[in-house]
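In order, the protein sequence lines correspond to chains A and B. Anchor point for the first sequence: position 115 equals 115 in my numbering, and the numbering is continuous, going up by one each time. If you count the second sequence from 1, you need to add 1000 to reach my numbering.
Misleading hints may appear alongside valid ones.
[What the hints assert, rightly or not] Below, simulated EDC-like cross-link-like pairs (lysine to aspartate or glutamate); rule was C-alpha separation at most 20 Å, straight line:
1. K17/A / E1015/B
2. K420/A / D1276/B
3. K32/A / E1008/B
4. K419/A / E1009/B
5. K60/A / E1406/B
6. K379/A / E49/A
7. K232/A / D39/A
8. K232/A / D203/A
9. K60/A / E1432/B
10. K118/A / D85/A
11. K419/A / D433/A
12. K75/A / E1432/B
13. K93/A / E1432/B
14. K1012/B / D94/A
15. K379/A / D340/A
16. K118/A / E1008/B
17. K1419/B / D214/A
18. K1035/B / E1015/B
19. K60/A / E1008/B
20. K17/A / D1091/B
21. K1215/B / D1085/B
22. K1118/B / D1347/B
23. K35/A / D1276/B
24. K419/A / E406/A
25. K1205/B / D1304/B
26. K1087/B / D94/A
27. K1075/B / D203/A
28. K278/A / E1398/B
29. K1268/B / D1204/B
30. K32/A / E1098/B
31. K230/A / E256/A
By construction, these hints were calculated from the structure, which means they are not laboratory data.
Each chain, written out:
There are 2 protein chains.
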Amino acid sequence: MTVSQIDEEVAKLLELKVQLGGDEGRHQFTLKTAKGTRDYNPKQMAIREKVFNTIISCFKRHGAENIDTPVFELKETLTGKYGEDSKLIYDLKDQGGELLSLRYDLTVPFARYLAMNKVTNIKRYHIAKVYRRDNPAMTRGRYREFYQCDFDIAGQYDPMIPDAECLKIVHEILSELELGDFRIKVNDRRILDGMFAVCGVPDDKFRTICSTVDKLDKMSWEDVRSEMVKEKGLSEEAADQIGQYVSLQGGMDLAERLLQDAKMSQSKQACAGLTDMKQLFSYLQLFQVTDKVVFDLSLARGLDYYTGVIYEAILTQTGPVPKAEEGVSVGSVAGGGRYDGLVGMFDPKGRKVPCVGVSIGIERVFSIMEQKAEASAEKVRTTETQVMVASAQKNLLEERLRLTAELWNAGIKAEVMYKKNPKLLSQLQHCEDSGIPLVAILGEQELKDGVVKLRTVHSREEIDVSRAKLVEEIKRRTSDV
Amino acid sequence: MTVSQIDEEVAKLLELKVQLGGDEGRHQFTLKTAKGTRDYNPKQMAIREKVFNTIISCFKRHGAENIDTPVFELKETLTGKYGEDSKLIYDLKDQGGELLSLRYDLTVPFARYLAMNKVTNIKRYHIAKVYRRDNPAMTRGRYREFYQCDFDIAGQYDPMIPDAECLKIVHEILSELELGDFRIKVNDRRILDGMFAVCGVPDDKFRTICSTVDKLDKMSWEDVRSEMVKEKGLSEEAADQIGQYVSLQGGMDLAERLLQDAKMSQSKQACAGLTDMKQLFSYLQLFQVTDKVVFDLSLARGLDYYTGVIYEAILTQTGPVPKAEEGVSVGSVAGGGRYDGLVGMFDPKGRKVPCVGVSIGIERVFSIMEQKAEASAEKVRTTETQVMVASAQKNLLEERLRLTAELWNAGIKAEVMYKKNPKLLSQLQHCEDSGIPLVAILGEQELKDGVVKLRTVHSREEIDVSRAKLVEEIKRRTSDV
């Protein structure tokens, strides 16, 4: 049988299946969202908007442009980029035509975008949802559909300057979001690889040993050591040497010390990484962010494509955030690094575009902000309505609509009840519930006098305002809203 | 053959296909986005952001809340909602677990959301991408992935008040976007059904005749008549009677006249629709939007779920927009209607939540705005950077970084080149290219004097500003940016 004969045969059978009623008969109707996904209600959206505004402002302050890419890519675009995690990619059904997959992150689509459009330098941000068929534990805030919030700098520049800006951005965003104290761990893939080499790890075990080291934030050294030796076949001696290095933390001083280290200094790679680390810290000092940044040799990060500096920000006082469970990195809220080879994988001629970037772990930030909002006495407003156009009397619908349109046309955010004769109490109640600060009340007398009774919801004060001055008065009173 | 036997057979054949190399052998590595999709570059994103801001401001002015739903739904959620167009739904591959499909619009997920969360009234907007495996003709601005921009009012209210607000919103948005003159056609499914009944269309042909009438905006009456008679088997007499009605256009007067029409008045449904149409126009008069609204009996709209008022906005002077080709509704930029039954399809007890809404055809708006931007002399800025920190001399990288961080910390949008010793000319060129209005130039002398040379890019004027006053001066000069 040839492929096209098979296609024909399949089509015939599926046609027959449809005639037989297909899969329909079997299942009942379920009212839910897909596993691992959720709706955002207006309250969650209000919080989300606030968080996005803070982050986008920061990206714009740093001169970033914005791009967007499709939610799905050709399957082959994602192939070979995520190592073991490729099994978590959502594929689309083959409905004839191209084989497609939902994007797994924003970095690979970014690299594809650069190669396809021959962009050799850009500073861009991209905020969008990505998809992973992970086993979700939703109480821990992990989903199969979640936002990523990426900032990347692509281009050939002098070493460590864009890298330092990425860390400055993480520092700014985490400070402005007021999530509590944080720390940014920094390391370099070249330092890790050099360290593995001088400790006697065979070349072909670098990546797998690196994955094991990556678990140090949630496993004890003893367990990590045991995984290296028993599962991955590393010698005990090599493991112990690694153990000495990965316990080291410091700043520029540590980089200097390791450059003098008898063993470490034997690795060219490590020396290159350490020299750059010193340079990075000198820029971070100028940016005044060294208070939160730690050079930490245990930081490894999972993804294969990093080639230089890597970093990860964690919250050190998690406050109302649930304790970490097995397999969850405690309080990690941002991460990234340098990936100089990825764009070249897409370029037909292999031309490289060096890149460095950071991804904000926005879902975690959302859930912290949600918990803070829950704990706070202040109510989250889900609309921005400034005034409710109301009436205490019957048969004034037309007058209410007329006034509401006047306000809309003047740029005032206004609501009116969709009832012919709503009760005043229910109109006021709606204002209380949704935090509308003002009510413009119309009655026969007010219409005769050419005024509107303007009521302040929280104080219940009422004053008559002439119709001609109403817009101005509402603007004045809500200028801080 | 049974369904399960077919499934087995199909699985075997597909397995064989994979062994034969499947579709893989045919293609090489391709650097492209999926068919019918596109990336948005920074310029397109800048335009998109502007359009969204206008639309979102309008939605907020009307007191709308914001929600979001996942990009995919259970397949069964979408089943039976789109009639013939169901074939355009993207399904996800069965990778074990639930059968999922990408959303086809935002209305069905909204109805699912309401039923699932037992929400009985809400005014919400939702802006997100939807997916249709349509045959895209990208020159005409049709894509397989595109934005929808929906505003809906759910709840049991007095007739036509929310419906009128939806039309007011369309009027506001199209006016503010300055797309040129427009018209909003209005009709009612009950009037259409009543008309079909009194013209002698058999009950079971209502929907299919309705689809044919829907083509009147792109086909002549002769062709529509011929489709009704020859393809759909309608009597010539019935078709001609329909022809007389669907040529009618007017306002409240037309609704009144049809209420007196000997034939039309025999249909209770039509009378209910016509009475509501009169009511609608009276509210539209209060909202001062009747100048653009036309009661047009030829408007039918494709979707099955509408139950009352329907509407569609078209641009009447398309300007630089490409001429319509076959199958494309000329200049349609917004549409919607009342759908009182959809939520009930999801509620286990069939409880109804009446809804009315509007969807802005944002992709069309984007392409018009893009063409306008192309035609305009004014450059579209893709960043908001206020100042570039530059230097004419060597070895001042550290000073540049220090000043840049000072500006960032003061909330100024600032950029600095990632080079140790960039040329002044290339720094100024970057400002010209990306529209940065100011340059803060540092040199040995300026550092000694505690000043910065502030250069206005367009006039090339330079003045010395003391370091202490720099932030204030930049803010003053860019306050209108």
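Hints, one by one, checked against the model:
1. For the suggested pair K17/A and E1015/B, the alpha carbons sit about 19 Å apart, so the restraint of at most 20 Å is met.
2. For the hint pairing K420/A with D1276/B, the CA-to-CA distance comes to about 14 Å; that is within 20 Å, so the pair holds.
3. In summary, the hint linking K32/A to E1008/B is not supported, as the alpha carbons are separated by about 29 Å, beyond the 20 Å threshold.
4. A C-alpha spacing of about 60 Å is found between K419/A and E1009/B, which places the hinted pair above 20 Å, so the restraint is violated.
5. The hinted pair formed by K60/A and E1406/B meets the criterion: a straight-line CA distance of about 16 Å does not exceed 20 Å.
6. Distance hint between K379/A and E49/A is fulfilled; the C-alpha atoms sit about 15 Å from each other, no more than 20 Å.
7. Taking the CA atoms of K232/A and D39/A, the gap is near 42 Å; set against the 20 Å cutoff, the hint is violated.
8. With a C-alpha separation of about 13 Å, the suggested pairing of K232/A with D203/A holds against the 20 Å cut-off.
9. As the CA atoms of K60/A and E1432/B are separated by approximately 18 Å, the hinted pair is consistent with the 20 Å bound.
10. The straight-line distance between the Cα atoms of K118/A and D85/A is roughly 28 Å, outside the 20 Å bound, and the hint therefore fails.
11. The hinted pair formed by K419/A and D433/A meets the criterion: a straight-line CA distance of about 18 Å does not exceed 20 Å.
12. With a C-alpha separation of about 40 Å, the suggested pairing of K75/A with E1432/B is violated against the 20 Å cut-off.
13. For a cut-off of 20 Å, the pair hint linking K93/A to E1432/B is broken: about 48 Å separates their Cα positions.
14. About 16 Å separates the Cα atoms of K1012/B and D94/A, which keeps this hinted pair within 20 Å; it holds.
15. At roughly 46 Å between alpha-carbon atoms, K379/A and D340/A are farther apart than 20 Å, so this suggested pair is violated.
16. Among the hinted pairs, K118/A with E1008/B is inconsistent with the structure: their alpha-carbon atoms are about 46 Å apart, more than 20 Å.
17. With a CA separation close to 33 Å, the supplied pair K1419/B and D214/A exceeds the 20 Å bound.
18. With a C-alpha separation of about 26 Å, the suggested pairing of K1035/B with E1015/B is violated against the 20 Å cut-off.
19. With a C-alpha separation of about 55 Å, the suggested pair K60/A and E1008/B falls outside the 20 Å cut-off, and the hint is violated.
20. Simply put, K17/A and D1091/B have alpha-carbon atoms about 17 Å apart, close enough for the 20 Å limit, and the pair holds.
21. In summary, the hint linking K1215/B to D1085/B is supported, as the alpha carbons are separated by about 16 Å, within the 20 Å threshold.
22. Restraint check for K1118/B and D1347/B: the C-alpha separation of about 8 Å stays at or below 20 Å, so the hint holds.
23. A hinted pair counts as satisfied when its Cα atoms are at most 20 Å apart, and K35/A with D1276/B does not qualify at roughly 43 Å.
24. Between the alpha carbons of K419/A and E406/A the distance comes to roughly 19 Å, so the proposed pair stays at or under 20 Å and holds.
25. Distance hint between K1205/B and D1304/B is fulfilled; the C-alpha atoms sit about 13 Å from each other, no more than 20 Å.
26. Between K1087/B and D94/A the alpha-carbon distance is near 13 Å, which keeps this suggested pair within the 20 Å criterion.
27. Restraint check for K1075/B and D203/A: not satisfied, since their Cα atoms lie roughly 47 Å apart, outside the 20 Å limit.
28. The suggested pairing of K278/A with E1398/B holds, with an alpha-carbon distance near 14 Å, which does not exceed 20 Å.
29. Taking the CA atoms of K1268/B and D1204/B, the gap is about 18 Å. The hint holds against a cut of 20 Å.
30. Only pairs whose Cα atoms come within 20 Å are accepted, and K32/A paired with E1098/B is accepted, the gap being roughly 11 Å.
31. Restraint check for K230/A and E256/A: the C-alpha separation of about 34 Å exceeds 20 Å, so the hint is violated.
Checked against the numbered hints given earlier, the structure breaks hints 3, 4, 7, 10, 12, 13, 15, 16, 17, 18, 19, 23, 27 and 31 and satisfies all the rest.
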